[in-house]
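Sequence order for the protein chains is L and G.
The first sequence begins at 1 in my numbering and counts up by one.
The second sequence begins at 275 in my numbering and counts up by one.
It is worth saying that the hints were derived from the structure and are not from the lab.
There could be a bad hint or two in this list.
Unchecked claim - Okay, the calculated beta carbon distance ranges per label pair:
(1) G:S299 / L:R97: 29 to 39 Å
(2) G:A285 / L:R230: 16 to 26 Å
(3) L:G49 / G:N309: 50 to 60 Å
(4) G:E331 / L:G86: 54 to 64 Å
Glycine included, each C-beta is placed from N, C-alpha and C at the ideal position.
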Amino acid sequence: MTLLMQPIQSVKSHEVIIEIGGIAIALQTVDDGLVSVLEKRFGAYLAPGVTPDFVFCVDVVTPDIFDPDADVEVWMQGDEWHLQRGDFRAEWNPETRRGRVRQTVNPYSIDSVLRIVHSLLLARSGGFLLHASSAVRNGKAFLFSGLSEAGKTTMARLAPTDAALLTDEASYIRKIGASYLAYGTPFAGEFGEPGKNISAPISALYFLEKAKENAILPIEPTQAVRRLMRNILFFAQDTTLVRMVFDSACAFVATVPVFQLSFFPDQKVWELIG
Amino acid sequence: MNELYLAKSPAIAARTLGDEAIIMSTVDSTLFSLNPTGTVIWDAADGKTPVSRILEEKVCAEFDVSFEQAAADAKEFIDKLAGHGILLVSDQPIPEKEAS
Numbered sequence: 001m002t003l004l005m006q007p008i009q010s011v012k013s014h015e016v017i018i019e020i021g022g023i024a025i026a027l028q029t030v031d032d033g034l035v036s037v038l039e040k041r042f043g044a045y046l047a048p049g050v051t052p053d054f055v056f057c058v059d060v061v062t063p064d065i066f067d068p069d070a071d072v073e074v075w076m077q078g079d080e081w082h083l084q085r086g087d088f089r090a091e092w093n094p095e096t097r098r099g100r101v102r103q104t105v106n107p108y109s110i111d112s113v114l115r116i117v118h119s120l121l122l123a124r125s126g127g128f129l130l131h132a133s134s135a136v137r138n139g140k141a142f143l144f145s146g147l148s149e150a151g152k153t154t155m156a157r158l159a160p161t162d163a164a165l166l167t168d169e170a171s172y173i174r175k176i177g178a179s180y181l182a183y184g185t186p187f188a189g190e191f192g193e194p195g196k197n198i199s200a201p202i203s204a205l206y207f208l209e210k211a212k213e214n215a216i217l218p219i220e221p222t223q224a225v226r227r228l229m230r231n232i233l234f235f236a237q238d239t240t241l242v243r244m245v246f247d248s249a250c251a252f253v254a255t256v257p258v259f260q261l262s263f264f265p266d267q268k269v270w271e272l273i274g
Numbered sequence: 275m276n277e278l279y280l281a282k283s284p285a286i287a288a289r290t291l292g293d294e295a296i297i298m299s300t301v302d303s304t305l306f307s308l309n310p311t312g313t314v315i316w317d318a319a320d321g322k323t324p325v326s327r328i329l330e331e332k333v334c335a336e337f338d339v340s341f342e343q344a345a346a347d348a349k350e351f352i353d354k355l356a357g358h359g360i361l362l363v364s365d366q367p368i369p370e371k372e373a374s
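If we strip away everything but chain G, and leave its shape as in the complex, we get (with noise of 0.2 Å):
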């Protein structure tokens, strides 16, 4: 599988409360709340680091998961929030300019 790369589009507002994120598309103000583990990739989608090191550092050392499973749900979770236009998803690093 080809390495991804997530950033914050710049067309969101966010927060995190307690360990759980909301995120507003400023596009027509739907809002999203992510659960503890969703919220953890959202802090981590600096358009820099790799998905896999997101999972492997982040997700996996905080949770009790294993990769293979943390991959899967991922995948689900960041195709939904790129389908909203709320997530960049590239397999290059994504560039601050384009990102929140």
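Just chain L, same shape as in the assembly (with noise of 0.2 Å):
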């Protein structure tokens, strides 16, 4: 009997890197969907050739193994980071800087993983996620924050042509020296495209408030501080971390003036804005 060697054919594993917010994360995986996938999700956050900051392997699974009710969590255990919802697991080490995350194909899931891995890096550094659309205008961010329903989707269908749209859904705000700087993200809401890949200095935070006319209100800033804490994206149960995202809360708004925004929903409320 001849035995024949036969070539264990080798699995090519790929490498898509998203950069968000100037901060790189490298998805490896070997399945050709899931790239495939994440290529058309983030497609202007594509950043082939970058050094990543981090790196996940990403596992395909299928769903029975996962509990499809099941809400998000986040929680440190030992090392290493958790993070679970109904449609993924994932661990990650921000010392080892590496971290492995299992899912189905899809674009929601890392979509998520992303938030989260991204809120966790802010918060360490003085920024955060804001429930928030924003749009740079003559080289200046707005943001425009509130909860579900307070126009914020309708903010941006309304920008003008002149205003480029970071985000309608999760503002990316880091803090660089004493400024803050918006950026883009993929993070899309009901106007279902992600921003543009771009950041300016923050110039002013607007809480929305339909109303039957328009007018820019000052708020205190304790009371600033409270619309902020109840938008911020943050998902970590974890005592230090959530001082940390207050202590910038506090501190953003010692910064940036921050206003509300009774707004009626046509295009002359941006006649306020920059």
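Work from the hints to combine the two standalone chains into their complex.
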């Protein structure tokens, strides 16, 4: 009998690097279908050739390993963050800069993993992800925050042609030196379009309220912190980081003008912005 | 009335913005904002200074209020914050290691 030594077919791993807010995360997978999904989903945020700050291996699994009704949970155990929801499980060690994600082939799970990882990174550096739409006009960034139905997507839709939309859903805020910058994100809401991959210094934050007339009203600093804390996207059950987020919110309010924007939803509201 | 001492709980984060303080309980992330008078008491809650001295030297000195009125308002304020676990109250000075 002849034993034929068949070469073992090597499985080629692909790497997709996604850079958001100046932080590059490499996603490595052997699944061609997932690569296509990622490239389509994160188009303007793909950063091939950039040295990644963090690397995640993404394993494609069958959906039966998950509890589809499970809410998002984020906790630290030992040196690792654990992230899980009904459609994914992930571990990430910030020290080794490596992590692992298990999910099915879909763009939503990794989108959520990235939001959580970025929220944890931002919390340590004075920034945060804010439930807000944002846009750049005349070189300055403007944020429009509020809970669901407040008008975030409406403000994005009404934006004039000289405004570049950063996101209609989750604004990315970094503290650089003594200033705050807003970055574009691929995290889209009802608008369904990723934001422009640009950044600009933040000129003002507006908390939205629909009204019959347009008006910009002042907000007391403590009230501004309350409203800001209500809209910061933070998922971890971690006292130290929650304190840091609170400190970041207070420092932001002490630096960036914060107002209430009562607005009637037509394009005239943008005459007050920029 | 026995003398009382106040100290900030270690389970809080707090900042003063302008003349108002905002406090977050790290137990449940509940937020409390204090008016300028409450902020003066909060800032002076060091575990060592008796409440009567805080009222006399800070509250009555900075705001147009009698000691009796300040004491009545302070009791309500202290009871409320203590009830939420963000202010420690004792009839003895409170050691630093127990406070924030």
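**Prompt:** So does E331 (chain G) sit 54 to 64 Å from G86 (chain L), Cβ to Cβ?
**Reply:** Holds - the Cβ-Cβ distance for E331 (chain G) and G86 (chain L), about 57 Å, lies within 54 to 64 Å.
**Asked** Using the C-beta atoms of G49 (chain L) and N309 (chain G), is the stated range 50 to 60 Å upheld?
**Response** 56 Å, holds
**Request:** Take a look at whether the Cβ-Cβ distance between A285 (chain G) and R230 (chain L) falls inside 16 to 26 Å.
**Result:** 20 Å, holds
**Prompt:** Is the hinted range of 29 to 39 Å satisfied by the C-beta distance from S299 (chain G) to R97 (chain L)?
**Reply:** 33 Å, holds
The structure meets every hint from the earlier list without exception.
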